[in-house]
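Taking the hints into account, I'd like the entire structure generated from these sequences.
So you can see what is in the structure, the chains are spelled out below.
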Amino acid sequence: MNLKKLTAPLLLTLCLLAPIPAQAAGGAIVLPEYEWSFSGVFGTYDKPQLQRGFQVYKEVCSSCHGLTLKSYRNLSDLGYSDEEIKAFASQFEVWDGPNDEGDMFKRPALPSDKFVPPFPNKNAARAANNGAYPPDMSLIIKARPDGANYLKALLMGYDPAPEGFELPAGVSYNSYFPGHKIAMAQPLTDGQVTYADGTPNTLDQMSSDVTAFLAWAAEPEMEERKQTGVRVMLFLIVLTGLLYLLKKRIWSSVH
Amino acid sequence: MSDSSAAPTQYTGLKGWIEYRLPVFSFMDHELNHYPTPKNLNYWWNFGSLAGITLVVMILTGILLAMNYSGDTKLAFQSVERIMRDVNGGWLIRYIHMNGASMFFMVVYIHIFRGLYYGSYKPPRELLWMLGCVILLLMMATAFMGYVLPWGQMSFWGATVITNLFSALPLIGEDLVIWLWGGFSVDNPTLTRFFALHFLMPFMIVGVVVLHIVALHKHGSNNPLGIDIKSKKDSIPFHPYYTIKDLYGLGLFALVWAGFVFFSPNYLGHPDNYIMADPMVTPAHIVPEWYFLPFYAILRAVTFDIPLGLFTIDAKLGGVLAMFGAVGVLFVLPWLDRHPVRSASFRPIYRWAFWFFVLVCLGLGQTGALQPDEPFYFILLGMRIEFFGIHSVVFAQLFTVWYFFHFVALLPLLSKIERAKGLPKSISEPVLRPAGA
Ligand code: HEM
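As given, the protein sequences belong to chains A and B, one line each in that order. Numbers given in the working numbering equal positions in the first sequence, counted from 1, plus 20. Numbers given in the working numbering equal positions in the second sequence, counted from 1, plus 29.
These are computed hints drawn from the structure, not numbers from a lab. Source: prediction; values computed, not measured. Cβ coordinates follow ideal geometry from the N, Cα and C atoms, glycine included. Watch out, some of these pointers could steer you wrong.
Claimed, not checked - Derived DSSO-like pairs (lysine-lysine); straight-line CA-CA distance at most 30 angstroms:
(1) B:K103 with A:K268
(2) A:K268 with B:K454
(3) B:K103 with A:K134
(4) B:K103 with A:K78
(5) B:K68 with B:K259
(6) A:K268 with B:K445
To be verified - Quick look at which bits of chain B chain A covers, simulated, 3 or more residues with Cβ under 8 angstroms:
(7) 145-155
(8) 236-243
(9) 263-270
(10) 421-433
Shown next, in the form of structure tokens:
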């Protein structure tokens with residue numbers, strides 16, 4: 021294809037570009053860009069960070085937000101032993117049955133059980149939260165645009181409301197929540213949890229940690245996916261290169 | 030006894046035995062080794078085989094998904110997440126399938142624009158072209174229903190918006206929609222039937238693809254010069270020349286597909302579809318997948334009633350008719366563009382019209398992604414280009430008008446008035462006369 025052939029499309033593009041370029045979208049919320057160990061082609065999860073994030077989830081978020089797509093056994097990904105997982109699961113109770121007498125009964129949760137949600141159903145969750153529903157966290161990172169950056173920004177975005185901004189009772193101002201009126205009171209503040217590994221428990225740190233944990237919760241396959249991906253891409257590049265050479269050779273006799 | 034089972038063929042042994050009863054080997058030999066192909070096909074001709082391969086991959090991954098998927102509103106979302114988390118290799122299968130739908134449309138759209146540029150719809154390939162249009166329609170239906178299966182918020186609300194369109198049809202509309210739903214809203218019966226149809230329709234596509242290829246092999250491929258094969262010198266056998274070229278193209282295509290699957294599997298999707306469907310919560314913006322955006326834009330461009338003497342077409346029905354008309358007009362394209370020269374390379378005016386049309390389609394895609402009352406803009410090379418705050422619906426209307434104007438007015442007009450450049454004598458001697466490109 022020679023250049024002349026491209027003149028028509030290029031010229032047309034230029035004509036349409038004539039109008040003024042503008043900077044950022046007016047009014048749209050721009051999310052900050054944070055550093056994540058799991059972003060990029062070679063990104064991986066940082067296990068100590070996932071454990072800290074799990075601690076934040078467990079001690080803070082889990083009183084309102086479920087994690088119902090995860091099983092307790094999945095925690096082995098974070099480096100916990102079978103014993104630790106069994107012990108953790110057994111703090112929760114699940115319905116089972118019927119037993120030989122035909123009765124349903126409660127028993128301690130097993131590693132194979134799904135995370136027990138804090139509320140039995142949506143209505144109970146709403147009733148306990150002023151009518152607002154605390155969504156399940158299993159997929160929250162995938163269910164919001166730019167999920168990881170959004171979540172951390174949200175947790176740190178409890179800024180003072182601008183003057184004259186009307187907030188109904190029980191609602192907080194948040195710089196990153198769409199509409200800025202969020203029915204979740206600020207869940208994290210400096211010093212909220214005490215990390216066993218001595219990591220400083222700043223709001224920034226805890227927000228990063230719980231975000232990383234929820235990123236893992238949403239995409240447990242991420243490391244395997246990217247590592248497989250790198251190998252697949254290398255293989256395809258070599259294969260395609262060879263096919264190209266073969267193509268050139270076969271076609272060299274055609275004029 | 031000289032029985033006919035030993036009848037002489039060029040094949041011997043088991044091959045000969047089978048060939049005598051089922052002529053597969055001579056068929057393959059005929060279609061691959063003796064099928065003369067123009068020797069000047071460029072890389073735009075790779076997209077047909079890519080589409081075929083994509084279809085096969087979609088069917089294979091789809092069957093594997095179906096083995097683990099539950100088409101019940103109470104289970105569908107969780108079953109997809111189980112595939113993602115607990116089924117061995119499930120995430121890979123699902124991401125291949127999910128991104129495969131986008132790859133399929135990308136490839137098929139390029140394939141169609143190739144046909145538009147080089148006049149591949151002109152005699153004697155009208156039926157070949159129309160079969161392609163049937164494939165496009167079937168693909169759209171398949172992808173639409175497939176997108177409903179994971180039962181996320183966009184699945185549910187997309188299905189609600191699109192099925193509701195049929196209520197615009199006069200007289201039967203309301204009843205038709207209830208019939209489609211199998212109830213009074215998109216619900217379990219709808220999901221179950223969509224699953225059944227989503228499983229079935231790809232095989233219908235296979236059927237039409239076979240016809241598409243039969244029609245193709247009758248007259249052979251068109252080519253960038255748009256002139257017929259005149260002598261042996263103009264053609265080469267399909268195998269090995271185009272098999273290797275197609276394989277090379279497949280390698281490049283697989284790189285793109287794999288890039289999405291492994292590194293950005295949700296880039297082309299909408300985050301809301303990771304929220305389970307909830308009929309009580311309407312998403313802020315209901316947008317279809319990118320490959321439907323141009324049609325969605327045309328649908329929403331009709332914002333006014335169209336009076337037609339005795340009766341009026343209301344805005345909703347108008348939009349629906351325009352949207353289906355946008356595909357419908359492709360069917361009759363061979364009779365709208367009757368210019369004797371196929372390739373745009375030799376049609377100086379049509380070439381501009383073609384590229385302008387491409388931009389209009391991209392513009393329609395962008396307006397489809399925006400809210401109607403949002404100022405129109407697009408992002409190019411990191412720059413946000415705005416148009417004086419004019420609402421996107423206005424642009425959608427302009428583009429829609431041009432879309433149809435291109436087909437029903439411009440092409441018939443050009444057929445009459447456009448003077449083509451001198452065509453080369455043959456494919457192997459294109460340099461004898463000053464050709465266009
Ligand atoms: C023409 C080829 C096909 C196209 C364009 C197509 C398209 C789609 C799309 C867009 C989705 C939604 C993906 C998502 O967001 O999760 C989907 C899901 C699905 N498809 Fe297909 N599909 C095709 C063939 C098939 C076939 C042949 C089968 C079964 C035999 C199948 C079975 C499924 C199943 C079970 C799902 C739900 C699981 C999921 O959502 O990941 N598909 N398809």
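Hint-by-hint comparison with the structure:
| no. | hint | verdict |
| --- | --- | --- |
| 1 | B:K103 with A:K268 | 55 angstroms, violated |
| 2 | A:K268 with B:K454 | 27 angstroms, holds |
| 3 | B:K103 with A:K134 | 17 angstroms, holds |
| 4 | B:K103 with A:K78 | 28 angstroms, holds |
| 5 | B:K68 with B:K259 | 12 angstroms, holds |
| 6 | A:K268 with B:K445 | 42 angstroms, violated |
| 7 | 145-155 | violated (count 0) |
| 8 | 236-243 | violated (count 0) |
| 9 | 263-270 | holds (count 3) |
| 10 | 421-433 | violated (count 0) |
Violation of the numbered hints given earlier is confined to hints 1, 6, 7, 8, 10; the remaining hints are satisfied by the structure.
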